[in-house]
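Number of protein chains: 2
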Amino acid sequence: MSDTTDLHAPARALDVEGWTCPAPLRDRPRVVMGHGGGGVLSAELVQQIFAPAFGGEVLAQLGDSAVLTLGGARLAFSTDSYVVRPLFFPGGSIGDLAVNGTVNDLAMSGARAAYLSCGFILEEGVELDVVRRVSEALGAAARTAGVEVATGDTKVVEAGHGDGIYLNTAGIGLVPAGVDLRPQRVVPGDVVIVSGAIGVHGVAVMSVREGLEFGVEIKSDCAALGGLVDAMLAVTPDLHVLRDPTRGGLAAALNEIAAASGAGVVIRERDVPVPSAVANACAILGLDPMYIANEGKLVAFVPREHADAVLEAMRAHPLGANSVVIGEAVEAHPGMVVARTGLGGTRVVDLPIGEQLPRIC
Amino acid sequence: MSDTTDLHAPARALDVEGWTCPAPLRDRPRVVMGHGGGGVLSAELVQQIFAPAFGGEVLAQLGDSAVLTLGGARLAFSTDSYVVRPLFFPGGSIGDLAVNGTVNDLAMSGARAAYLSCGFILEEGVELDVVRRVSEALGAAARTAGVEVATGDTKVVEAGHGDGIYLNTAGIGLVPAGVDLRPQRVVPGDVVIVSGAIGVHGVAVMSVREGLEFGVEIKSDCAALGGLVDAMLAVTPDLHVLRDPTRGGLAAALNEIAAASGAGVVIRERDVPVPSAVANACAILGLDPMYIANEGKLVAFVPREHADAVLEAMRAHPLGANSVVIGEAVEAHPGMVVARTGLGGTRVVDLPIGEQLPRIC
Chain H
8 MSDTTDLHAP
18 ARALDVEGWT
28 CPAPLRDRPR
38 VVMGHGGGGV
48 LSAELVQQIF
58 APAFGGEVLA
68 QLGDSAVLTL
78 GGARLAFSTD
88 SYVVRPLFFP
98 GGSIGDLAVN
108 GTVNDLAMSG
118 ARAAYLSCGF
128 ILEEGVELDV
138 VRRVSEALGA
148 AARTAGVEVA
158 TGDTKVVEAG
168 HGDGIYLNTA
178 GIGLVPAGVD
188 LRPQRVVPGD
198 VVIVSGAIGV
208 HGVAVMSVRE
218 GLEFGVEIKS
228 DCAALGGLVD
238 AMLAVTPDLH
248 VLRDPTRGGL
258 AAALNEIAAA
268 SGAGVVIRER
278 DVPVPSAVAN
288 ACAILGLDPM
298 YIANEGKLVA
308 FVPREHADAV
318 LEAMRAHPLG
328 ANSVVIGEAV
338 EAHPGMVVAR
348 TGLGGTRVVD
358 LPIGEQLPRI
368 C
Chain V
8 MSDTTDLHAP
18 ARALDVEGWT
28 CPAPLRDRPR
38 VVMGHGGGGV
48 LSAELVQQIF
58 APAFGGEVLA
68 QLGDSAVLTL
78 GGARLAFSTD
88 SYVVRPLFFP
98 GGSIGDLAVN
108 GTVNDLAMSG
118 ARAAYLSCGF
128 ILEEGVELDV
138 VRRVSEALGA
148 AARTAGVEVA
158 TGDTKVVEAG
168 HGDGIYLNTA
178 GIGLVPAGVD
188 LRPQRVVPGD
198 VVIVSGAIGV
208 HGVAVMSVRE
218 GLEFGVEIKS
228 DCAALGGLVD
238 AMLAVTPDLH
248 VLRDPTRGGL
258 AAALNEIAAA
268 SGAGVVIRER
278 DVPVPSAVAN
288 ACAILGLDPM
298 YIANEGKLVA
308 FVPREHADAV
318 LEAMRAHPLG
328 ANSVVIGEAV
338 EAHPGMVVAR
348 TGLGGTRVVD
358 LPIGEQLPRI
368 C
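Quick note, the sequences are listed as chains H and V, same order. Residue numbering for the first sequence follows this note's numbering, starting at 8 and increasing by one per position. Residue numbering for the second sequence follows this note's numbering, starting at 8 and increasing by one per position.
What the hints contain is simulated information worked out from the structure, not anything from laboratory work. Watch out, some of these pointers could steer you wrong.
Residues of chain V clear of chain H, computed beta-carbon distances all greater than 10 Å [unchecked claim]:
#, residue
1, G44
2, A73
3, R81
4, G98
5, R139
6, A157
7, G180
8, R189
9, N287
10, H324
11, V332
12, A339
Quick list of simulated restraints, FRET-style, between CB atoms [as the list claims (entries may be wrong)]:
#, chain 1, residue 1, chain 2, residue 2, range
13, H, L219, V, G269, 52 to 62 Å
14, H, A328, V, T76, 31 to 41 Å
15, H, D245, V, G269, 52 to 62 Å
16, H, V215, V, P325, 27 to 37 Å
The C-beta atom is built at its ideal place from N, Cα and C for all residues, glycine as well.
Work out the full structure, taking the sequences as your base and the hints as a guide.
Okay, structure coming up:
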């Protein structure tokens, strides 16, 4: 388990110039848990190692999924590995995550997932019944999402070199004509909408892992968002960008969009929907809900003229019933995310360095 | 490390009827190393757990890659995870394997790989320089194979829950019009060709892992076969089936084809190209080269009328220079692979139960 104290982004004032990452890759010759956290360390790994090694123009887009053309078809293509611990948690399992996570990455490009690949890395000694239950959850989630598992692979590693089951899925889907979802399309004035309560998945996993009781059971929001995105695109194909705020939470998603778009982002802290159970758990544990992973939520940057209609369509969908506007893109502080606090002040919402909660997806 | 003695396929006589697997899944409530070996146990896992759980028609084809249609394009889609130990071996690394293994799976459908996804599962504490070297090998192999890494993901697990680096790649490529490579297309009379010496990759990995010296260094044959397959398809699109004999070796590949086609397969043992260094290593270790994994070879079932021309085209390609005919498909003993021995006898070449050499890919 990583030490979370050194992985938190430090608070910093708006007027501090020349701030640099306090944990540059060059000073860390070995992989730490935070390299998998979707924050600054993850970004360094991509920018300093993977992107130079792999090259390629599609990878350089660095979206949740790659959009490419093959045989005349415009495809979204994405992959995620899943190492969640424990394998089963309130509201889902690694099998559900492996479908919904990749389906959602494709949906963030506007694509409806069509086919998944599935790679198992099994640890010697894991019960076959556990493999069966995970597989059945994966199959059921695929049917719910309307995606077909087309190809797979299984490897086994010796006991003590895995953790029961690791999964990888890759997915492909068609991107509809006229849909072009990229952070670069964000412009000042865009309205920022989230599709519901944040912080639920991470707290749900952590509660069972750490044996914590918060008075009420918190269930993961793990769900496939393809249908919700279809409903939004039916209003207008001209959405600017979608992200599912998984690792690094809403804070990381907004920061990535701000950085890539060059726009500033302002959110109103009190409008960000945090269920009281999540807020209470975070208060006890010293965590910030803005940095906790979600697996069934999205954040959208929508042109102002379409915002009301898109919000209405989202609220009409079961997975977007609690959608709300939380802020907007602005000209000020380009590349930076700022929260207006309940007390009338402002604070910078930084990209996290590593992660508060390792292995929640 | 698994006990290899109970993972060997037992010898059996041709006239023994009603033979059943000596290690059915139901008697093994936990995953053993052999479940990842590409033999009987792997097949049981697919047939008894994955296929029922996932459903789906494409998966049911159970080829090296799935062939599917999306947006009017006919695509091959495949995935493999890579858990080879050690990460670097004579002739390659896990980075090379992760490209070539998946590129070759696509090539066995006749598709030229276009895009790869890449998922890293890093173990906390692995040196970043190792991550860099693996990534550079992966990038270089991708450029050699003419495939682009389009999307990726990184997860980190705690020290003691991984083994440095596990990799997954998934790949997509276009299947040319008129190409339909499936074991079901094999008919008696088809000529069986292998593209060169077998057993090299597995022995190369094992030699460094176990610190063995065989007098000569044996280098992995790890290579991308897309170009070789293109050269073969240029002779005729009407090849019947291609397989790259990875886990389970040539024996597993031939057995899978025999089982799926319903044809019998006869090979002439003395025509199977086994380098003397591999033969010597196998003699010392009690292994059978027929069951050892290859990563840069293919086996083809070719209509008799095209066999000479296809063989000539293969020999004209650098990766097929040592191609030879090793046997043919026959009407006799449907679904069974039989080797004619140097002494004039015959022996059944079984599907292996598990694997002789775990974690060689």
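Here's how the hints hold up against the structure:
1. G44: 8 Å, violated
2. A73: A73(V) not clear of chain H: closest Cβ-Cβ about 4 Å, inside 10 Å.
3. R81: Non-interface label on R81(V) violated, nearest chain H Cβ at 7 Å vs cutoff 10 Å.
4. G98: 20 Å, holds
5. R139: 5 Å, violated
6. A157: 4 Å, violated
7. G180: 8 Å, violated
8. R189: 14 Å, holds
9. N287: Nearest chain H Cβ is 28 Å from N287(V), so the label holds.
10. H324: 25 Å, holds
11. V332: 30 Å, holds
12. A339: 33 Å, holds
13. L219(H) / G269(V): 52 to 62 Å: 57 Å, holds
14. A328(H) / T76(V): 31 to 41 Å: Check passed, 36 Å falls within 31 to 41 Å.
15. D245(H) / G269(V): 52 to 62 Å: 54 Å, holds
16. V215(H) / P325(V): 27 to 37 Å: 55 Å, violated
Hint violations for this structure: numbers 1, 2, 3, 5, 6, 7, 16, all remaining hints satisfied.
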